[in-house]
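**Student:** Okay, here's what each chain looks like letter by letter:
Protein chains: 2
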Amino acid sequence: MPRFFVSSADLEEENGTTRIVLEGPDAAHISRALRMKPGEELVLCDERGTEYRARIESAGGQVVCTVLDSAPSETEPPYEAVVYQALAKGERFDTVVMKATELGAARIVPVASSRCTVKLSPADYAKKRERWQKIAAEAAGQSGRGRIPEVADPVRFSDAVKEAAKADLPLFCYEGGEGPGTVPLPELFPEKTPKTVAVFVGPEGGFEPSEAREAVGAGMRPAGLGKRILRTETAAPFVLASLAFRYELAGKDGGNEP
Amino acid sequence: MPRFFVSSADLEEENGTTRIVLEGPDAAHISRALRMKPGEELVLCDERGTEYRARIESAGGQVVCTVLDSAPSETEPPYEAVVYQALAKGERFDTVVMKATELGAARIVPVASSRCTVKLSPADYAKKRERWQKIAAEAAGQSGRGRIPEVADPVRFSDAVKEAAKADLPLFCYEGGEGPGTVPLPELFPEKTPKTVAVFVGPEGGFEPSEAREAVGAGMRPAGLGKRILRTETAAPFVLASLAFRYELAGKDGGNEP
Chain A
87 MPRFFVSSAD
97 LEEENGTTRI
107 VLEGPDAAHI
117 SRALRMKPGE
127 ELVLCDERGT
137 EYRARIESAG
147 GQVVCTVLDS
157 APSETEPPYE
167 AVVYQALAKG
177 ERFDTVVMKA
187 TELGAARIVP
197 VASSRCTVKL
207 SPADYAKKRE
217 RWQKIAAEAA
227 GQSGRGRIPE
237 VADPVRFSDA
247 VKEAAKADLP
257 LFCYEGGEGP
267 GTVPLPELFP
277 EKTPKTVAVF
287 VGPEGGFEPS
297 EAREAVGAGM
307 RPAGLGKRIL
317 RTETAAPFVL
327 ASLAFRYELA
337 GKDGGNEP
Chain B
87 MPRFFVSSAD
97 LEEENGTTRI
107 VLEGPDAAHI
117 SRALRMKPGE
127 ELVLCDERGT
137 EYRARIESAG
147 GQVVCTVLDS
157 APSETEPPYE
167 AVVYQALAKG
177 ERFDTVVMKA
187 TELGAARIVP
197 VASSRCTVKL
207 SPADYAKKRE
217 RWQKIAAEAA
227 GQSGRGRIPE
237 VADPVRFSDA
247 VKEAAKADLP
257 LFCYEGGEGP
267 GTVPLPELFP
277 EKTPKTVAVF
287 VGPEGGFEPS
297 EAREAVGAGM
307 RPAGLGKRIL
317 RTETAAPFVL
327 ASLAFRYELA
337 GKDGGNEP
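Residue numbers (this note's numbering), protein chains in the order written: chain A, 87 to 344; chain B, 87 to 344.
Think of the hints as simulated: they come from the structure by calculation, not from any bench. A few of these clues could be false.
If several chains are the same, the list does not tell them apart, and a pair holds so long as it fits within one copy or across any two.
[To be verified] Straight line, CA to CA, 25 Å or less: simulated SDA-like cross-link-like pairs of lysine to any residue:
# : residue 1 : residue 2
1 : K214      : A198
2 : K213      : A223
3 : K175      : P88
4 : K220      : E177
5 : K175      : A119
Quick caveat, the model's predicted, so the values are computed rather than measured.
Using the sequences and the hints, build the whole thing.
**Tutor:** The following block contains the structure:
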């Protein structure tokens, strides 16, 4: 069933019925591209992770829908994973946004680290962010996410580390070498599903040992992802896949009945 | 230390010393790009997963090296994972080859499935294969692999399924819907590290239910990767990350000492 993202503020309660009006590109997509007609159903997801099954009452430039029922999204992970990713050159950050969205990230925070070669002016960044937010929205729709991850404003390394350290599972992905020793990822995963996870990933070339020491000093856990060297855009997907494998799929939810 | 891939057949034994001569692009890279000089050391990896620490005796158009010692590669996974990937349009197969190499695949087999929209002539394919093998070689070098995964000739779905079913852990990634029910990935992973793993991934749009039934009939296990819909190029990396998390990192090997 087609899925669209809405704001919970746009739901209108009237005589015991909940209605919502879709406009702009979503309405055009429903009416023209999908050629949906009154009586057909679609799924609307709000920013709180609630999914609404809705019936189209009228289509066209505006699409009026009535909500039939609602339930918490079943495709959102049981943890809130925030990806802190060093700004990368070219299309690498695009890839991270797309893959992190597919793999269940709740939020993506660009980080300016000292080895990071990308310097953006606020105006450049506003453009970039709009682009990344659009990539996240598309990937969320395509992968059946219950919400669109937010792409945040860029944060300085020291501030990002302090924020990330507050997570139940604050993972600082580090290749090692000088600086603090790492612990293999599975050993850092607690028995019980953590409520919040931070996945901190460095730029191409890795973090400086001093940055790793600062992160560990702030309370982050230095995580080892193995002996192969992962590209900067592969590290967060690796950790997000591991989280899904360990906390989301282990159980009955990953399978389906015929 | 710079890493180069060699064939074990090129090692020459003479008076108790093992020598190897590098030519062509590798020799040019060592002599010109890296400006390495006699006395400096590099790492050579052969197709069996052995790493040789070697000293340069003479550089130039040919680089003559003496082997100092050898050991099994420490960056190869403890299992042989073969990725069977439906041929995909555009650059998606490139991405799969690159990421599967980074994440430890031993071999990548292109599969022609019935929903697969890519039809290649043998001549087209030979060109593509050369390109993919080059991507694999670059990714292997960059990620510190002990060997270059082989990109195989394309195989028809029915033949690929029969071959893949022979693996200790024959995973058929299936989104479900009609056809056989799936089992969540972690439930399919045995306690003991499997020697051989097959990771079978469908095209955009998934496998036909009849294909899934054929695979299960041949002995493959229908694996559920969760409720979010992964793109075709994300599925194999997801499974390879899960394998690394479960069988390679769980233990001491994923961490490093300061």
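**Student:** Please go over all the hints and tell whether each is borne out by the structure.
**Tutor:** We went through each hint and held it up to the structure:
Taking identical chains as interchangeable, the C-alpha atoms of K214 and A198 lie at most 25 Å apart only when both belong to the same chain, with a minimum of 14 Å there against 38 Å between chains. In this homomeric assembly, K213 and A223 come within 25 Å of each other (Cα to Cα) only inside a single copy, at 16 Å, whereas the closest approach across copies is 36 Å. Taking the shortest Cα distances, K175 and P88 sit within 25 Å of each other only across copies (24 Å), while inside one copy they are farther apart (34 Å). In the homo-oligomer, the alpha carbons of K220 and E177 lie at most 25 Å apart both inside one protomer (14 Å) and across protomers (21 Å), since each shortest distance falls under that limit.
Only between protomers do K175 and A119 lie at most 25 Å apart by alpha-carbon distance; the minimum there is 23 Å, versus 35 Å within a single protomer.
Every hint from the earlier list agrees with this structure, and none is contradicted.
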